[in-house]
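Make the full structure from the sequences, and use the hints.
Number of protein chains: 2
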Amino acid sequence: MKISTLIVTVIASLSILSLISMAMAVDLNPEDPLPSWNEGSTKAAILNFVANTTNQSHPDYVEPEERIATFDNDGTLWCEYPDYVQSLFMFDRVRDMAPDHPEWNDTEPFRSIISGERRASANFSINESLQIYVATSTNMTSEEYMDLAKEWLNTSRHPRFDLPYTGCVYKPMLELLSYLQSQGFKVYIVTGGDEDFVRTFSDEVYGIPAEQVIGSAFRLQFVENNSSVALVKLPQILVMDDGQEKAKEIVQNIGKRPILAYGNSNGDIPMLQFTTSDGRHGLGLLNHHDDPVREYAYDKGSAIGRLDSGLVLAGEWGWQIVSMKEDWKEIF
Amino acid sequence: MKISTLIVTVIASLSILSLISMAMAVDLNPEDPLPSWNEGSTKAAILNFVANTTNQSHPDYVEPEERIATFDNDGTLWCEYPDYVQSLFMFDRVRDMAPDHPEWNDTEPFRSIISGERRASANFSINESLQIYVATSTNMTSEEYMDLAKEWLNTSRHPRFDLPYTGCVYKPMLELLSYLQSQGFKVYIVTGGDEDFVRTFSDEVYGIPAEQVIGSAFRLQFVENNSSVALVKLPQILVMDDGQEKAKEIVQNIGKRPILAYGNSNGDIPMLQFTTSDGRHGLGLLNHHDDPVREYAYDKGSAIGRLDSGLVLAGEWGWQIVSMKEDWKEIF
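Protein chains in written order, with this note's numbering: chain A, 1 to 332; chain B, 1001 to 1332.
Treat the hints as calculated values from the structure; they're not laboratory data.
For glycine and all other residues, C-beta sits at the position ideal for the given N, C-alpha and C.
Be aware that a few hints might be false.
Coverage of chain A stretches by chain B, computed from C-beta distances (three or more under 8 Å per stretch; other residues unrestricted) [stated by the list, open to error]:
id, segment
1, 196 to 206
2, 210 to 216
3, 226 to 236
4, 251 to 263
5, 267 to 280
The list that follows gives simulated cross-link-like pairs (lysine-lysine, BS3-like), each with its CA atoms no further than 25 Å apart [unchecked claim]:
id, chain 1, residue 1, chain 2, residue 2
6, A, Lys-43, A, Lys-329
7, B, Lys-1325, B, Lys-1171
8, B, Lys-1150, A, Lys-256
9, A, Lys-186, B, Lys-1325
10, A, Lys-256, B, Lys-1186
11, B, Lys-1256, A, Lys-150
12, A, Lys-43, A, Lys-325
13, B, Lys-1186, B, Lys-1043
14, A, Lys-186, A, Lys-256
15, A, Lys-186, B, Lys-1256
16, B, Lys-1186, B, Lys-1256
17, A, Lys-256, B, Lys-1256
18, B, Lys-1171, B, Lys-1186
19, B, Lys-1043, B, Lys-1325
20, A, Lys-43, A, Lys-186
21, A, Lys-329, A, Lys-171
Pasting the structure below:
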């Protein structure tokens, strides 16, 4: 090694040394990694779980490559009330596309979206919702779809909180995602929403890269035109990533069983069961929307984020019910 | 910070400092990252591509999160001749399972595997191969399948090289994988083989974690038994990950277009086309098995790793044909 190279190396190493010292000081003298969570049994359960699974001398220790955590998106990481964000995007797409589809003026479910008669996803049957999903989200590439979604997200605001939807993400959840990542967890989103829709903002908003988003998707067609290749979303649903499908997609996409799973509705139950199955020490968590003042209160009878079975099964399976009212100091 | 903590911090930092100095010394005075590659246009093309895409002041610079590289497995990363490793595993599975399947003694394709009349996958039709795949690889969980595959890989050896199959991986390719990873690339395997089969050894052998392996797969069934949950591989093929399916799976699993794709047979063409499509600066590479002395020579007429179209399209699309004879100093 040349002397000049040696000097550069030593100087660079010394700067890195001071950074490392600071990092280690934090680690040896930890501050609260979850400042927006109130003290209590839920927060303690999370901190204990992470402490044990990352402590090599603890019986529950888990090697870093097996520290997989999976999170639902709607109602778990961001607000899903009074309607799913993606549904609102799709309704706006129908109105934008209407001039090119005169036949929609007398075809349901499009007619009543255009006329404004039905304004919420709860007003549509499952089949109608799928029709709207297909009509607004296919016959284009993922890139084209994501451009539309990005533009819409940049210009739309939540009706009550007057924030962009990407501002309606839960602060305690952002802290948890970042805490888990700092402790060697690989964090995935497993959403019932379109995976390209969530990939539009997952990295920027949650710090979760597109390839760690698993969600609903369409069949694709390989289209070659001269020396240009594109994959086009066909109007055929390939995966509706809800319920048991979430567990299946986790196996197919990750090939490992999560040790932590976090949801907020009945559709997340199989993912939590898979994670906390007998003989494992997995942690299951469910957000309970019980704060009508700062957010919303809904669970058993709601068309959105219904949690009746989840509340019953949580006891049997040992899942943590996170009270957004009691456990969270702040919401957004 | 307590004094004892400070001492621990300083000692730990100093050890890390010396490691960093070593690492930086290499970085400031770079050694050849591909020592098993002979100098020439192929090696230069790889080194230039990586230098440009990682150089912020170069027009071809690519942000780290977009540095996706996809590699085929059989014939690209490890030896696929005289037969696919997974096929040999399946033939052995048929013989192991035969006592529980007396009906196989007079049912093809099983009969001729048990009798030893047909010994290579080239002797079976595509439908027969799928039948063998389904019969040997389903009605169990991924974990159970991977245990079987692991045990088999630990006890089987390549007939010519007398090495375990996981020893028949190409040294120049291991160097390339590790070089790309050191330059911020996220490397995926996109294989026509069963994804659980490749996940069995990908981390240990290639340094590629299970969740970065995309391959063929079966439909799964969610099975709940008391408080135990398992996902069982059903005898229904969900994905045969070859040809255009490789490009589709990349979009669905990663959600980003690769900037480097590397294969060795016609089945890899769509993945390379997708990567090097018009207007992009992607790099496409194909191993050409042209070294009968150190490995094998096969391409146009072969039932395994057929490359006739690939050799033709490489010129049109600007792909690098890697001559294993000329470009590689060592094979294994």
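**OP:** Given that the segment 210 to 216 of chain A was listed as covered by chain B, double-check it with a C-beta distance under 8 Å for 3 or more residues.
**Re:** Result for this restraint: holds, n = 3.
**OP:** With a cut-off of 25 Å on the C-alpha distance, tell me whether Lys-256 (chain A) and Lys-1186 (chain B) pass.
**Re:** Holds, at roughly 19 Å.
**OP:** With a cut-off of 25 Å on the C-alpha distance, tell me whether Lys-1186 (chain B) and Lys-1256 (chain B) pass.
**Re:** OK: Lys-1186 (chain B) and Lys-1256 (chain B) at ~11 Å, within 25 Å.
**OP:** Assess, step by step, whether the Cα of Lys-1256 (chain B) is no farther than 25 Å from the Cα of Lys-150 (chain A), and give holds or violated.
**Re:** 16 Å, holds
**OP:** With a cut-off of 25 Å on the C-alpha distance, tell me whether Lys-1171 (chain B) and Lys-1186 (chain B) pass.
**Re:** OK: Lys-1171 (chain B) and Lys-1186 (chain B) at ~19 Å, within 25 Å.
Original post:
Between Lys-1150 (chain B) and Lys-256 (chain A), does the CA-CA distance stay at or below 25 Å?
Top reply: 16 Å, holds
Subject >> Claimed coverage, the segment 251 to 263 of chain A by chain B - three or more beta carbons nearer than 8 Å >> reply: holds (count 6)
**OP:** Mind checking the alpha carbons of Lys-256 (chain A) and Lys-1256 (chain B) for me, to see if they're no more than 25 Å apart?
**Re:** 22 Å, holds
Subject >> Pairwise hint evaluation, Lys-256 (chain A) against Lys-186 (chain A), where the allowed Cα distance is 25 Å at most >> reply: 11 Å, holds
Subject >> Straight-line alpha-carbon gap Lys-1043 (chain B) to Lys-1325 (chain B), limit 25 Å >> reply: 13 Å, holds
Original post:
CA of Lys-186 (chain A) to CA of Lys-1256 (chain B), is that 25 Å or under?
Top reply: 19 Å, holds
Subject >> Given hint Lys-1325 (chain B) paired with Lys-186 (chain A) - CA-CA distance at most 25 Å >> reply: 40 Å, violated
Hint compliance for this structure: hint 9 is the single one not met.
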